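Line order of the protein sequences matches chains A and B.
Going left to right, the first sequence walks through residues 1 to 504 as the working numbering numbers them.
Going left to right, the second sequence walks through residues 505 to 1005 as the working numbering numbers them.
The set of hints was computed from the structure by calculation and includes no laboratory data.
A quick note: this is a predicted structure, and the numbers were derived from the prediction, not measured.
Built from N, CA and C at the ideal position, the CB exists for glycine as well.
Just so you know, not all the hints are guaranteed correct.
Here are some of the chain A residues that sit facing chain B, going by a computed Cβ distance under 8 Å [what the hints assert, rightly or not]:
#1 H99
#2 Q124
#3 F419
#4 Y429
#5 V432
#6 A439
#7 L492
#8 F493
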Amino acid sequence: MLTAPKLDYALLAPILIILGAALLGVLVEAFVKQSLRARLQLAIALTGIIIAFEQLYRIRNQGTSIAAVTSVSIDGAGIFMQGAILIFAFLGILIIADHDHFAPQASALPGSAEEVSALESGKQQTEVFPLTLFAVSGMMLFPIATDFITLFVALEVLSLPLYLMAGLSRRRRLLSQEAALKYFLLGAYSSAFFLFGAALLYGYSGSLSLNGLTDAIHGSGGNDVFLLLGIVFLSVGLLFKVGAVPFHNWTPDVYQGAPTPITGFMAAATKAAAFGATLRIFYVGLDAAQISWKPAIAAVAVITMLVGAIAAISQRDVKRMLAYSSIAHAGFLLTAVVSLNKSALGATLFYLVAYGLATIGAFGIVTLVRDSAGEVTDINRWVGLGKKSPLVASVFSLFLLSFAGIPLTSGFVGKFAIFSAAYESGNIYLVVAGVLSSAIAVFFYLRLILMLFFADATNDSVSVVIPSILTRIAISITAIATIILGVAPSLLFNVAQNFAYFLR
Amino acid sequence: MSILTTLQLLPLIGAIVIAVLPVGNAKLIKQTALGFSLLVTIVSIVMAFGFKTSESALQFTETRSWISAFNINYAVGIDGMALALILMTTILVPIVFLAGWNESENGRWSVKVFYILLLILETMMIGVFAATDVFLFYVIFEAMLLPVYFLIGGYGVGERAAAAMKFLLYSLFGGLLMLAAVIGLYIISTNQGGGTFDIAKLSELRIDSATQNWLFLGFFIAFAIKAPLWPFHTWLPTAAKSATAGTSTLLLGVLDKVGTYGMIRFCMSFFPDATKTFTPAIITLAVISILYGAFLAIGQKDINSLIAFTSISHFGFITLGIFALTSQGLTGAIFYMVNHGFSTAALFLTAGWMIKRRGSSQIADFGGLQRVTPILAWSFFLAGMSALALPGLSSFVSEFLVLLGSFAKYPVAAILGTTGIILAALYVLLAVQRSLHGETPATSSGIPDLNLREKIAIAPVIAVLVVLGFYPKPVLNVINPTTQTVMTHAGVSDPVAKVAK
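With these hints in hand, go ahead and build the complete structure from the sequences.
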């Protein structure tokens, strides 16, 4: 006889609320008339996120490793990540709500009569809201999942909506659809790697849970070919999601092709979710086998930092440049995986929030710079933007300075915390590599600021549109947070430190 | 609240006040900026009178927790060296405002932005010398680059954007190396019981010599870029050429001093063993800088580049004095830092006026200014004399002390350095001769002499150069306790003459 597993609904409630809101969104798509959908969807999405966040706040001090049998573990780091993802989702949706970025009917072929009629009828894209919420639910599950099946399910739940959303761009639709297809194919490929790794680890340990894996490693000494192969394949899947070199090739294409609000949301939230899961797998499941994976992950971290920073220099497209910058940041965050100590975990939590907020803000600004054909992402056409719109250029520069890790911005504190954790763990070479790649990265951030402010505009077709009130709110919040977290980082840092623990 | 905090807040408040003033009223903005900077000067002078030269401990200290997770504090406090440099800063800022009354008007942005940037810069310049927490120092050290970046790029001349970029990249690169070293120090202090960024506590750490060497290099390269030492100097001439006279004055006069200040405050106190290890190499670099800067200065055709190269030569002297590791050398070096600030200010400001009047910065375009604009010419002449360390002017005292102090330990370096003085006479006198004497070209004939505002601006600078030249005691009294503390800490003592009786 099968007994129903015991689920701790209160602890799982934040995810369930988001899923519920997403399903409600699907029903709205089916039953509510076109003209009302956009507002209703937005309200449902934002309300769902707020309620989920409130529930998350209520359970903030509870922790258990058996929230859903052995599949889900609610603990400090998990709750913090979920909170961060909800905040990213909230801000992301504020920008996504500007429907001007999305194709009215995603299924219409680019250039077809169907598309033209969809455009003419003034349809708005509203499916994107439930899709975002589905992705968010997956992202929230990913960092708290503790067995490989749940991890895989979460990975797919977060990825599939993103594949779709990447193809929704209103303009340059072929580029967008190419990005979606690329993302989907490579993503499916990497999921297969992840699953293969999970299978090998199951074969090795006889258990699907991370704890079972740890026990098995302790039992056997951790030098088994299945274990090592399993780690390799599993890592490939994870490193793909975080966008680490050499599994980073999708990043610039997808970042460039996807509608910009999606790119911002994806860059911030996916990174948080993927690093949340990566940290848990390596800290909880593979801690005992660290001697076998540390050198490899450290090498990946170094290469990722350097390649991200160097490749960004030659980019001529703002979104691609930000994509390579996100790759470099993934490298910094990977050093925290290698550091394997509590300070590194706290530092990562802080860094993910700081980076995520700045990223959403930066892509939010990219959505504002347009000409008659839509967004302008060619760097050369951003020249002299400081003259046309000093405020927008200044705020964008603030985000760039934060990415570059200049003091008094949140990025600096995050970088400092990550480097000192790496130093503390004895991996001084990672600090040196980090410092070098920061020095390289500074160049392209500053060059962009230089172009914004110190050069005269060459053409006048580019303009900064007046942002909608929602976009304005999102960008303001991210900008203020970037300064506050840089000047008074204790506000968040102490919280991150308190939440920096995993339950086994 | 310590008076140091007040001193830092005042310019910041000024910047905020200016931010709400109407953009159009340039005159009001300038007057407000000048008013606040004078207020800062007055407060700093009041502070100087409250400073006790008999005490070697830090004074006017204040500590507040900033980032508790890393035990990072807002901690300020000054000793004699910091006091001298802060006074130099607070005196130079209103002079720069007054001297460059109109230099904000041809910029990319409004007059308002110019003064906001300058006042923020003043806050940071005071803060960087007052900080007694390494993290706080680092944050200001890096953050103060940005106002300068925008000042050069937004209000400079010629290839200003490229110059600003070059300046920032060099400095940030050095800063990042220093960041790695700062983190290293923090972790070492954590391992030795309680992580801290407090300068006093950090200088008591026991660090093995290999680690010391690496950390020393992290700090030293950052400072050698800042106070440009050959071969890290290439950003300076381009920056000086493009920046306005006022920005150049603050950049070379104050900001670059953070480099030499840091060598004394951090390199020597944290890493005494590494200091001794690297001394021969650094002395060599210093001597190369003296001679290289001087030789290149002779060949310069642009007057601002000339001043920049003389500064490279002078920073060589300061570094030589610091790493001679004798009390005379060190005192001389610290005094030189102050004198160089005023001397460079005199040079840049008078040169700036000449360039503005003539519309060219090429030395060859001047000539015979002595007859047309006697007061401007005399001011430039005196500034030049100060640059070549004429006896009777303050730079002579410091240069003499540096050479005296270094001769005791490194006679060859001192002798080579002395040839730098001869070369200095050459580059200064050549420039003076070409620009002030000889035929007056027709283009220069009608140009006006200094007006009252400019006279008021240059007078205090020249007064300081002359007064400290004849009576350097007050400043030396303030500096001496610092010298003694640093010497004790670095574990070095003055060489005793071998032939006793």
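Hints versus structure:
no., hint, in the structure
1, H99, "violated, 36 Å"
2, Q124, "violated, 40 Å"
3, F419, "holds, 5 Å"
4, Y429, "violated, 11 Å"
5, V432, "holds, 6 Å"
6, A439, "holds, 5 Å"
7, L492, "violated, 10 Å"
8, F493, "holds, 5 Å"
Comparing the model with each numbered hint stated earlier shows that hints 1, 2, 4, 7 do not hold.
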